[in-house]
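Student: Single-letter residue listing:
2 protein chains.
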Amino acid sequence: MEFSSKLIESAVNEFSKLPGIGKKTALRLVLHLLKQEENFTTDIAQSLIDMRQNIKYCRKCHNISDEEICNICKSHKRDNSIICLVEDTRDVLAIENTSQYNGLYHVLGGIISPIEGIGPEDLTIDSLMERVSSSDSEVKEIIFGLSPTMEGDTTAFYISKKVKQLGVKTSTIARGIPIGGELEYADEITLGRSIVSRTAYE
Amino acid sequence: MEFSSKLIESAVNEFSKLPGIGKKTALRLVLHLLKQEENFTTDIAQSLIDMRQNIKYCRKCHNISDEEICNICKSHKRDNSIICLVEDTRDVLAIENTSQYNGLYHVLGGIISPIEGIGPEDLTIDSLMERVSSSDSEVKEIIFGLSPTMEGDTTAFYISKKVKQLGVKTSTIARGIPIGGELEYADEITLGRSIVSRTAYE
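These protein sequence lines are chains A and B, in that order.
Each residue of the first sequence is one higher than the last, beginning at 1 in the UniProt record's numbering.
Each residue of the second sequence is one higher than the last, beginning at 1 in the UniProt record's numbering.
Where hints are given, some of them may not hold.
Identical copies go unnamed one by one, so any copy, or any two together, can satisfy a pair.
Said to hold, decoys possible - Computed cross-link-like contacts, DSS-like style, restricted to lysine-lysine with a CA-CA straight-line distance of at most 30 Å:
1. 77 to 6
2. 23 to 77
3. 24 to 35
4. 164 to 24
5. 140 to 161
6. 60 to 162
7. 164 to 6
8. 77 to 56
9. 60 to 74
10. 17 to 162
11. 6 to 35
12. 23 to 74
13. 24 to 169
14. 35 to 23
15. 24 to 162
16. 77 to 17
The set of hints was computed from the structure by calculation and includes no laboratory data.
Produce the complete structure using the sequences and hints provided.
Tutor: This is the structure in structure tokens:
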């Protein structure tokens, strides 16, 4: 694409560096910005700069936070004996939105993936071990809230081995047929697993 | 969605004001920005601000430009006797990319649409009339490069009536079966029209 303006070209190029945004979408966004008031654009740009420059990560759980310790770790209403281990902030948001969990979190910042060159030392595993083994720790259980993929399972296996030495219970979120899903359309592995780890009626 | 950080919340809200970007996509983009170096974000933000604050519109054709008169209007290699009338800058880009047109453009900035409250006075029609009727005008033909919709046809009809009084030829880009399209899947109106306005072999 050849642009009649260097300013447009540069804005389109910058926009299209974002994941899932190609040149055409970038151009559509840029032309939309041009149709709006000037402060529409400056507001967006300023909030991105503010966010990037001032964001902090909670010292305890590594979740994104505006302060040194995040609201969840600070709260007195949360159950300090359970930690849910997740890959990134989006997972914390997703679990919080269910309103079914009242414990703490620990954000790994990724999962072990040899293909992408991510090893255990790139994640916040050491910090988790410190958190669990510290003298004032109340942690009794760690829930693995990781995706049911090869990488997720590898990560869970690696960490559970380390954690078990400390006498902490581990568990994983249930895998099975999604609520509302049709049994006949479920893949074999999921269906097989949902039979093996069936839930007993009480 | 509830966020653990006001900074994230504000960045997501700003991003999701853009067309086609919802809260989930906005969050994905924001988290991507957080994973990159700080200047990745500031570069994007700065280029948007620069673009919005410094962009100009060509005084002659109203296309987006870095200067008072755009490169196309300024060029000595273009045919000054033809003007292609288009809705917005994207259409100029699309036609330029074909390398099949060597005339000038005139960007209307929209099309007449009573439903959206856009009337002839909101478009650059007056400026077009001035351009065509001025004493040093070389314009002999105006091509309507508008979308084949109700609004596009209305706009073309309105302008062609005005322009004809000045003794300028008008034409419209061909409508018919797209190259590579299957005849049997073409809609009736397009197929009908493609028969009526068939092209004679010479």
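Student: Up to 30 Å between alpha-carbons, please classify residue 24 paired with residue 162: within, between, both or neither.
Tutor: Neither way: residue 24 and residue 162 sit 48 Å apart in one copy and 34 Å across, limit 30 Å.
Student: Measure nothing new, just compare the shortest in-copy and cross-copy C-alpha distances for residue 6 and residue 35 to 30 Å and report within, between, both or neither.
Tutor: This pair counts as both: shortest intra-copy Cα distance 18 Å, inter-copy 28 Å.
Student: Indicate which option fits the pair residue 35, residue 23 if close means a Cα-Cα distance not exceeding 30 Å: within, between, both or neither.
Tutor: This pair counts as both: shortest intra-copy Cα distance 18 Å, inter-copy 22 Å.
Student: For residue 24 and residue 35, with the copy left unspecified, which applies at a CA distance of at most 30 Å: within, between, both, or neither?
Tutor: both (17 Å within a copy, 24 Å between copies)
Student: Is it within, between, both, or neither for residue 60 and residue 74, if the alpha carbons may be no more than 30 Å apart?
Tutor: For residue 60 and residue 74, the Cα distance is within 30 Å only inside one copy (10 Å; across copies 61 Å).
Student: When Cα atoms must be at most 30 Å apart, do residue 23 and residue 77 count as within-copy, between-copy, both, or neither?
Tutor: Between copies only: 28 Å across, 47 Å inside.
Student: Up to 30 Å between alpha-carbons, please classify residue 77 paired with residue 17: within, between, both or neither.
Tutor: Neither way: residue 77 and residue 17 sit 41 Å apart in one copy and 34 Å across, limit 30 Å.
Student: Taking 30 Å as the upper bound on the Cα-Cα distance, should residue 164 and residue 24 be classified as within, between, both, or neither?
Tutor: This pair counts as neither: shortest intra-copy Cα distance 51 Å, inter-copy 36 Å.
Student: Regarding residue 77 and residue 56, is the shortest C-alpha distance of 30 Å or less found within a copy, between copies, in both, or in neither?
Tutor: within (23 Å within a copy, 56 Å between copies)
Student: At most 30 Å between alpha carbons: which applies to residue 23 and residue 74, within, between, both or neither?
Tutor: Intra 43 Å, inter 26 Å, cutoff 30 Å: inter-copy only.
Student: For residue 17 vs residue 162, is the C-alpha pair at or below 30 Å within one copy, between two copies, both, or neither?
Tutor: Neither. Shortest intra-copy (39 Å) and inter-copy (45 Å) distances fail the 30 Å Cα cut-off.
Student: Within a copy, between copies, both or neither: where do residue 140 and residue 161 come within 30 Å Cα-Cα?
Tutor: Result: close within a single copy only, 15 Å intra versus 81 Å inter.
Comparing the model with each earlier hint shows violations of hints 4, 7, 10, 13, 15 and 16; every other hint is respected.
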